Amino acid sequence: MSRRLTRKLLPHPMLSTLLVVVWCLLINDLTLGTVVFGAILGILIPISTAAYWPDRPKITRPLRLVSYAMIVIWDIIVANVQVAMIVLFKPNADMSPNWVLIPLDLRTPEAITLLAGTITLTPGTVSTDLSSDGRALLVHALDAPDPDAVRDEIKTRYERRLKEIFE
Amino acid sequence: MIDTVLYGALGAVGLAQLLAMARLVRGPHTGDRILALDTMVINAIGLIILLGMLWGTQIYFESALIFAMLGFVSTVALARFVLRGDIIE
Amino acid sequence: MTDILFLTEILVAALLVIGAVFTLIGSYGLLKLDQPMKRLHAPTKASTLGVGSLLLASMIHGFTSGEASLHELLVMAFLFATAPISGNFIAKVHLHRQRGGKELPAPPSEERWATYSEQ
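Just so you know, the protein sequences line up as chains A, B and C, in that order. Going left to right, the first sequence walks through residues 1 to 167 as my numbering numbers them. Going left to right, the second sequence walks through residues 1 to 89 as my numbering numbers them. Going left to right, the third sequence walks through residues 1 to 119 as my numbering numbers them.
Isolated chain A (complex conformation) (with noise of 0.2 Å):
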């Protein structure tokens, strides 16, 4: 009973402290009545907008997120200056862009989505586009003569930690 009570008045626990956090910031103070009316935001806005999206994402353990977004953070800065060496002093011709499919043994959408997200976030690689079935993901790369090893290298990166995180 009351588990249901806090499951309909709190449809979205996480985007509550997401709502209070940014609120806060706007603001740019953190005194009681900005936390209380960021708190009333907070439960307001899930609540109304929970017809549009009934489930709630499924994460099994939130603390790997953490060092994933460390990983991630760094590897954008390693990766922004080999990009920027390569626009820099390759001439067009000796770049090799190519596709690179990757097959997907993520299902949840929210685990695609930042794997895409991620994809897109390190310099090199553009995710363009998804399988009509969600099985595959269609990758840019500026720069890679060989497509395997930019999958490969996605795939035990990246993929394999956020399996860990949703699954």
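The set of hints was computed from the structure by calculation and includes no laboratory data. Heads up, some of the hints might be wrong.
Reference listing, derived: stretches of chain B covered by chain C, where coverage requires no fewer than 3 residues with Cβ under 8 Å from a Cβ of chain C [said to hold, decoys possible]: (1) 13-25; (2) 30-38; (3) 46-57; (4) 73-82.
From a predicted model like this one, the values you see are computed outputs, not experimental measurements. Where is the CB? At the ideal position from N, CA and C, for every residue including glycine.
Given chain A, put chains B and C in place with the hints provided.
Then chains B and C, alone, in the frame of chain A:
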């Protein structure tokens, strides 16, 4: 020292804005123009932040946030219009 | 005390230089690269890291000059969350233009790529 670096950074980002504008004019496809506009919005956010630092005020923060949101929505709207011939179906 | 101030000043200056250089490289790549799909690579991320470090510089600068604020984090988070989405939409526009064209690898199953199957 900071002021000198700030002027240099303003020059560099302004130059970046001009380069993106050149791509906007040259095209050749619609996708390139949308990408150039998206880049110009991001560069404009950088310019606003730099100006806010130079003049030592916080009031430019709101405009940077609005630029970020408006830029994202307009990029998606333009791309959707090209893809589907309609924005909200 | 002055040492710490001096060090943060150097940090802010370094972040500003990094941010400005990466923003410039992003736009330069936008102009230099010769194929539409290649062009997508330069600006969408170089600019994200560029503006990201400019925002970080502004945040640290705010802490030293007494107007401490964290709300630059909001712009940064928003940019990092939306950059992949707009990049994906622009890539879809390119795919749409070369519909029925060459060299795209086919998905492993019988299905087609999502951009081509919705009609």
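Each hint tested on the structure:
| no. | hint | result |
| --- | --- | --- |
| 1 | 13-25 | holds (count 8) |
| 2 | 30-38 | holds (count 7) |
| 3 | 46-57 | holds (count 6) |
| 4 | 73-82 | holds (count 5) |
Consistency with the previously given hints is maintained throughout, with no hint failing.
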